[in-house]
Amino acid sequence: MDKVAIVGFYQVKPGLDLMMSPYEMLFEATRGALDHAGLKRDDLSTVIGCNNDYYDGKTISNCFKVEAGGAYMKDESKVEMDGAHAVMYGLMRILSGNHKLAMVYGISAPSCFPYESVRILETDPTFDRPINLLNGYTAGGMQMRAYLNAFGLSEEDIAKVAVYNLKNAAKNPLAIPEAQKTNITVDEVLNSEMLSAPLKKLMYPILCDGVTALILAPERQARKITDKPVWITGVGHFNDTYYLGDRDLSSCSSMEKAAEKAYKIAGINNPKSEINVAELFGHTACEDLILAEAAGLADKGKGLSLIDTGKLNPSGGTMAGYTPAANGLTRIVEAVKQIRGEAEGHQISGANKAIASGQVGFCAQNNIVYVLEGGE
Amino acid sequence: MANVQPAVISAGFCEHASKRSDVNMAELVNEAVEDCLNKAGSVEWKDIDYVINGNMPAFEGANMPELWMTDHMAAKNKPLLRVTTGGTTGGSVFVSGYYAVASGLYDMVLAVAFEQQSCGNTTVGLASVALGELSIYPSLGYEATRLRRNMGAGAAIGVASYQAMNYMRRSKATEEDLARVVVQNRRNAAKNWWTHLKMPTITIEDVLDTPYISYPLRFGMVCPASDGACAVLFTTEEKAKQIADVPVYINGVGSYANEPAIIGVDCGGAGQTDPCEQLGAVKSAELAYSQAGISFPNKEIDYAEVYSPFPNQELQWVERVGLFEPNSAPEAYLNGVTALNGEMPVNCSGGVNSTNAIGASAMERPAESALQIMGKAGNQVPKTVHTALGHGWGGAINLISHVVMADEPQRKFK
Chain A
1 MDKVAIVGFY QVKPGLDLMM SPYEMLFEAT RGALDHAGLK RDDLSTVIGC NNDYYDGKTI
61 SNCFKVEAGG AYMKDESKVE MDGAHAVMYG LMRILSGNHK LAMVYGISAP SCFPYESVRI
121 LETDPTFDRP INLLNGYTAG GMQMRAYLNA FGLSEEDIAK VAVYNLKNAA KNPLAIPEAQ
181 KTNITVDEVL NSEMLSAPLK KLMYPILCDG VTALILAPER QARKITDKPV WITGVGHFND
241 TYYLGDRDLS SCSSMEKAAE KAYKIAGINN PKSEINVAEL FGHTACEDLI LAEAAGLADK
301 GKGLSLIDTG KLNPSGGTMA GYTPAANGLT RIVEAVKQIR GEAEGHQISG ANKAIASGQV
361 GFCAQNNIVY VLEGGE
Chain B
1001 MANVQPAVIS AGFCEHASKR SDVNMAELVN EAVEDCLNKA GSVEWKDIDY VINGNMPAFE
1061 GANMPELWMT DHMAAKNKPL LRVTTGGTTG GSVFVSGYYA VASGLYDMVL AVAFEQQSCG
1121 NTTVGLASVA LGELSIYPSL GYEATRLRRN MGAGAAIGVA SYQAMNYMRR SKATEEDLAR
1181 VVVQNRRNAA KNWWTHLKMP TITIEDVLDT PYISYPLRFG MVCPASDGAC AVLFTTEEKA
1241 KQIADVPVYI NGVGSYANEP AIIGVDCGGA GQTDPCEQLG AVKSAELAYS QAGISFPNKE
1301 IDYAEVYSPF PNQELQWVER VGLFEPNSAP EAYLNGVTAL NGEMPVNCSG GVNSTNAIGA
1361 SAMERPAESA LQIMGKAGNQ VPKTVHTALG HGWGGAINLI SHVVMADEPQ RKFK
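These protein sequence lines map, in sequence, to chains A and B. For the first sequence, my numbering assigns the number 1 to the initial residue and increments by one for each residue that follows. For the second sequence, my numbering assigns the number 1001 to the initial residue and increments by one for each residue that follows.
Isolated chain A (complex conformation) (with noise of 0.2 Å):
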């Protein structure tokens, strides 16, 4: 795979109710990656959108976000999954040859829309719509009872890793202020609020307004545009059949294909000694070590390790914020500010290969992995 960079990213500050239009917070993230990578809108030769239309309560929810988006008269698309998807269609469209540069975006406002009662139309129409039993909570609630039974685990050990990413959060100048909290305790997480037997509410992130925007390049403009290039090595993406049934829960299987893609591609043998930093979008705490043990940073049902290190999520994962249609973006940003050293507060000293992914489905049945490198 030739080489591709990140360039220039900006995330608007997300919140529960940012209080702005959709087109105010496009433009401000927009704006904000040209200006991060000294670039003009001229100099932009296609724009890979990412939002969906039910979470936008808007059919075709793309076509008003020409202007804002900087895409007018730019070869533009729309990628309605995750934003690390639309990352994906940004990249063929660099690797390509036809373009040069590249913008990619996603953005939801959650304020506006019942996130986890629109879920429901995600769900096949025939089975499981009518008996409305599936949505985001039962979904983690299954799924993490599958796991702490397979590897003989404690509720206990995802509240650690709720802690974890909540504390994470507080060092995270970009995550919601209620996500940061310094003096969780591991009791606080079991005594909250259940969603869905064994699933509590601390568990599970917080939904909030966000934009992230990046700008890739490839490398020869890349490395005229900025000093600290943060290299795309590698990519993998699969996706998993829907029904959860003929699933194994306890793992992910679309995960673990797509992270041996990834580092095939990126040359990478040893995961566990090789990767720095890992910000994998999980739905739920306990997501995220499922996602972390088949991306192979850690034997299956040991992730739980993966917190003493650090390396895991150390923006806080989506428990800082979770933003539909941004996330897998803002994941792949973050890895990329620890690649050049800018994660403010969350910082991972020497970080220099890192992983990012992102999702869509039930129990993550669709993933895809970048794997990251800084350096020449």
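Calculated from the structure, these hints are not laboratory results. Since the model is a prediction, treat every value here as computed from it, not as a measurement. Careful, some of the hints might be misleading.
Stated by the list, open to error - Here chain B is said to cover these stretches of chain A; the calculated rule only asks that three of the stretch's residues, wherever they fall, bring their Cβ under 8 Å from a Cβ of chain B:
#1 44-58
#2 114-123
#3 297-307
Said to hold, decoys possible - Only pairs whose alpha carbons sit at most 30 Å apart, straight line, appear in this in silico BS3-like list of lysine-lysine:
#4 A/Lys160 with A/Lys353
#5 A/Lys261 with B/Lys1076
#6 B/Lys1239 with B/Lys1046
#7 A/Lys261 with B/Lys1241
#8 A/Lys3 with B/Lys1076
#9 A/Lys300 with B/Lys1239
#10 A/Lys100 with A/Lys264
#11 A/Lys261 with B/Lys1283
#12 A/Lys3 with A/Lys228
#13 A/Lys3 with B/Lys1241
#14 B/Lys1299 with A/Lys3
#15 B/Lys1046 with A/Lys264
#16 A/Lys3 with B/Lys1376
#17 A/Lys311 with A/Lys160
#18 A/Lys300 with B/Lys1076
#19 B/Lys1283 with A/Lys224
#20 A/Lys264 with B/Lys1076
#21 A/Lys100 with B/Lys1046
#22 B/Lys1076 with A/Lys302
To be verified - Which chain A residues stay away from chain B? Per the calculated CB distances, all over 10 Å, these:
#23 Val235
#24 Gly245
#25 Glu274
Backbone N, C-alpha and C define an ideal beta-carbon position, used for all residues, glycine too.
Following the hints, put chain B in place on chain A, whose structure we already have.
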């Protein structure tokens, strides 16, 4: 231009109708996928290494349906990407199929686009495109009655009638000219197996005898709402030569975004006063032609499929993409230039005017163009087609896709 030369080796369809109540969405998609793979020679499901899917999200009331349709389109344990851009969705899915191969990351890519409009209410879905934006107008002193009058024509046709009037004023086209386009499309559709409105004996008088929906567009000129799906298989030049009798090389793609236009006034920023000007289509076509090394599209292109739910759009698009001089399309249609045996056949599949499964429509355009080059189209033109284009539009007539294909790959001249 691309580092890897992508090619189309197969295109499949399901039968389109107003209500395909015999199948659900997943089965509908599966019909097109099976048809595509059956025509693809030795290719099997396991050979596919990337799957791209798209439809109009709001029409069936299903968000990201590709997740539960996974098993019906060979996407289990494979990468699956969803691309949606409104009416352009099919075209955008096609373009992303091109990029998946051109990137060098994947070499057997299945792109699927579909719509089962009978599962939902399209007009309600479309109304939400504009309503959110128009809600600002009352606060700016725009009277509610006037707003209602402007929106009164409904969703897509509301935009199209403004477009039609602008076009007719520019080109002096008459209602007969519009009806002539409809007659050509519906008669063509009668000869193509998968289409929806098959009318082999329709006349201009029949069309002009129907009531107005929104001046100047009459009931008989409006596209149907269809259920249907389309699947296309992309691969590299090397593999295509081994697999297909006539590989169709994709030599240029463009998908420019213009500013959105609703009812002739723009709500997104600046003012777009002429919705038939279509700068986005002009620029997309220019980009695709320059990639494909085409200097004289009106001479070098042998066949065109343009996205035209309404007949005025067909006249306007063939001019904007450079096939005819501005304002000359009505005369070309009168003289039979665009007919099956004409010099520049257009929409011999029957076009969107005869079959509109919205998410799939913009993919059916390049898919049919590819089949014409292969010589396997349902309504095959008698002459040999070397170079063909497939065009799509969507959003508030601002998102464009433009694909140029040929039986010869584009060589790099660098």
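Going through the hints against the structure:
1. Evaluation of the coverage hint for the region 44-58 of chain A: fulfilled, as 6 residues show C-beta separations to chain B shorter than 8 Å, against a requirement of three.
2. Interface restraint, the region 114-123 of chain A with chain B: holds (5 residues with C-beta to C-beta distance below 8 Å; minimum three).
3. Residue count for the region 297-307 of chain A with a Cβ under 8 Å from a Cβ of chain B: 0. That is fewer than the three needed, and the coverage hint is violated.
4. This hinted pair checks out: A/Lys160 and A/Lys353 have alpha carbons roughly 26 Å apart, not beyond 30 Å.
5. A threshold of 30 Å between alpha carbons decides the hint, and for A/Lys261 with B/Lys1076 the separation of about 16 Å falls inside it, so the pair holds.
6. Under the criterion of a C-alpha separation no larger than 30 Å, the hint pairing B/Lys1239 with B/Lys1046 is consistent with the structure, at around 15 Å.
7. With a C-alpha separation of about 27 Å, the suggested pair A/Lys261 and B/Lys1241 falls inside the 30 Å cut-off, and the hint holds.
8. This hinted pair checks out: A/Lys3 and B/Lys1076 have alpha carbons roughly 29 Å apart, not beyond 30 Å.
9. Among the hinted pairs, A/Lys300 with B/Lys1239 is inconsistent with the structure: their alpha-carbon atoms are about 39 Å apart, more than 30 Å.
10. Distance check on the hinted pair: A/Lys100 and A/Lys264 sit about 25 Å apart at the alpha-carbon level, within 30 Å; holds.
11. Simply put, A/Lys261 and B/Lys1283 have alpha-carbon atoms about 37 Å apart, too far for the 30 Å limit, and the pair is violated.
12. The hinted pair formed by A/Lys3 and A/Lys228 meets the criterion: a straight-line CA distance of about 14 Å does not exceed 30 Å.
13. Taking the CA atoms of A/Lys3 and B/Lys1241, the gap is near 29 Å; set against the 30 Å cutoff, the hint holds.
14. Of the pairs offered as hints, the one joining B/Lys1299 and A/Lys3 is violated, with about 40 Å between alpha carbons and a cut-off of 30 Å exceeded.
15. Of the supplied pair hints, the one linking B/Lys1046 and A/Lys264 holds, its CA atoms being roughly 21 Å apart against a limit of 30 Å.
16. Between A/Lys3 and B/Lys1376, the direct Cα distance comes to roughly 40 Å. Violation of the 30 Å bound is thereby established for this hinted pair.
17. Of the pairs offered as hints, the one joining A/Lys311 and A/Lys160 holds, with about 15 Å between alpha carbons and a cut-off of 30 Å not exceeded.
18. With a C-alpha separation of about 23 Å, the suggested pairing of A/Lys300 with B/Lys1076 holds against the 30 Å cut-off.
19. The hinted pair formed by B/Lys1283 and A/Lys224 meets the criterion: a straight-line CA distance of about 28 Å does not exceed 30 Å.
20. About 21 Å separates the Cα atoms of A/Lys264 and B/Lys1076, which keeps this hinted pair within 30 Å; it holds.
21. For the given pair, A/Lys100 sits about 33 Å from B/Lys1046 by alpha-carbon distance, which is inconsistent with the 30 Å threshold.
22. With a C-alpha separation of about 28 Å, the suggested pairing of B/Lys1076 with A/Lys302 holds against the 30 Å cut-off.
23. Non-interface call for A/Val235 relative to chain B: violated, since the shortest CB-CB distance, roughly 7 Å, does not exceed 10 Å.
24. Distance to chain B confirms A/Gly245 as a non-interface residue, since its nearest Cβ pair spans about 13 Å, more than 10 Å.
25. Against the 10 Å criterion, A/Glu274 stays outside the reach of chain B, whose nearest CB is about 22 Å from its own CB.
Of the hints listed earlier, those the structure fails to meet are numbers 3, 9, 11, 14, 16, 21, 23, in rising order.
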